[in-house]
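Chain by chain, the residues run as shown.
There are 2 protein chains.
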Amino acid sequence: MQEKLDSIKEKIRTIPNFPKEGIMFRDITTLLKDPEGFNEVINLLAERYKHSNIDVIAGIESRGFIIGAAIAHKLGLGFVPLRKPGKLPYETHKVEYSLEYGKDALEIHKDAITSGSSVLLIDDLVATAGTCLAAVKLIEKLNAKVHECAFVIELPDLKGREKLENQGQKVFSLVKFEGE
Amino acid sequence: MQEKLDSIKEKIRTIPNFPKEGIMFRDITTLLKDPEGFNEVINLLAERYKHSNIDVIAGIESRGFIIGAAIAHKLGLGFVPLRKPGKLPYETHKVEYSLEYGKDALEIHKDAITSGSSVLLIDDLVATAGTCLAAVKLIEKLNAKVHECAFVIELPDLKGREKLENQGQKVFSLVKFEGE
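Chains as they are written, first to last, in our numbering: chain V, 279 to 458; chain A, 279 to 458.
These are computed hints drawn from the structure, not numbers from a lab.
Quick caveat, the model's predicted, so the values are computed rather than measured.
Treat each hint with caution, since some may be false.
Identical chains share a label here; the pair holds if one copy fits it or two copies do between them.
As the list claims (entries may be wrong) - Straight-line C-alpha distance at most 30 Å; calculated DSSO-like pairs for lysine-lysine:
no.	residue 1	residue 2
1	K362	K415
2	K437	K282
3	K287	K362
4	K298	K362
5	K381	K362
6	K328	K423
7	K423	K289
8	K415	K365
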């Protein structure tokens, strides 16, 4: 198992100073384009949740769409996109969240998820978890419950896990980049 | 077969006047959240290409990520995202295309696709095909070939198919919305 995870981590490229000076950007495109790497990521995540009675997969725009949609298909579930403002055409709920400078927001269609559903929330990476917390709030606005927040990559230095767990959320990630 | 396609079409919601007056927006979120609908879309497309010797799936940001990534996983292939400017962290090629008002552009990582590859290009919808033509140009810049441009939805009134075919591309769509 550790071997599989090491292989996944090795396929993630690090780009220094993107999108700005001082940020080590973890680029999953090198993992996604690799048939074995992409396949392994989806299989490992699907395996974890296949007996969890999840009703639907929600993915965060836009790399969360890539991971989330593939897991949804693998598990035979539907897929719900959580999107940046103005992208969803029907009635939406909206939750704002803070960025380092300024604010951003995420939206969900009001009829995206049936009340009482168990939702697996997917994004490619968790850093400070601002986006993911907004996503959790959107799902809860529809009276649904997040089963777990699942990521390919976790950056533990940025303490997103703590923030999510403090809000009662469960967190899972395949690989971590720490102090690098 | 026609029954399956009719069922897919019925699950697509039409939102009048989005994003602006006079546009009938075809909203696939109602199809994606439906487990049978989403599953059927991916299975039908994967079935069409499973013996086509395709090397990699390319998807156009961002609804093309949802459809493309699920097909890639189903076929055991890698996935390459074609993105809006500034989103891809490594060296990119960029192609601009015209919108009704102004311009937009699409980018690809320079190392995304191996020279000589056969690429299946995926988006959710083809209208005027401006975005898809830009995507084809990006793939060709990497000396790869587009096997076919595949869409869930085609709007024949907007003649995207003709434009793509005039550039030597093959086009496939699951369902069409015409004169509606």
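Results for each hint:
1. Proximity of K362 to K415 under the C-alpha cut-off of 30 Å is found in both arrangements, the shortest distances being 15 Å within a copy and 27 Å between copies.
2. In the homo-oligomer, the alpha carbons of K437 and K282 lie at most 30 Å apart inside one protomer (25 Å), although the nearest pairing across protomers, at 46 Å, exceeds that limit.
3. In this assembly of identical chains, the alpha carbons of K287 and K362 lie at most 30 Å apart whether taken from the same copy (28 Å) or from different copies (26 Å).
4. With identical chains, the CA atoms of K298 and K362 are at most 30 Å apart both within one copy (21 Å) and between copies (18 Å).
5. When the C-alpha separation of K381 and K362 is checked against a cutoff of 30 Å, the pair qualifies both within a copy, at 12 Å, and between copies, at 21 Å.
6. Only within a single protomer do K328 and K423 lie at most 30 Å apart by alpha-carbon distance; the minimum there is 17 Å, versus 37 Å between protomers.
7. Taking CA atoms no more than 30 Å apart as the test, K423 paired with K289 passes between copies only; the shortest distance there is 25 Å, against 33 Å inside one copy.
8. Both within a single protomer and between protomers do K415 and K365 lie at most 30 Å apart by alpha-carbon distance, with minima of 18 Å and 26 Å respectively.
Violated hints are absent here; each numbered hint is respected by the structure.
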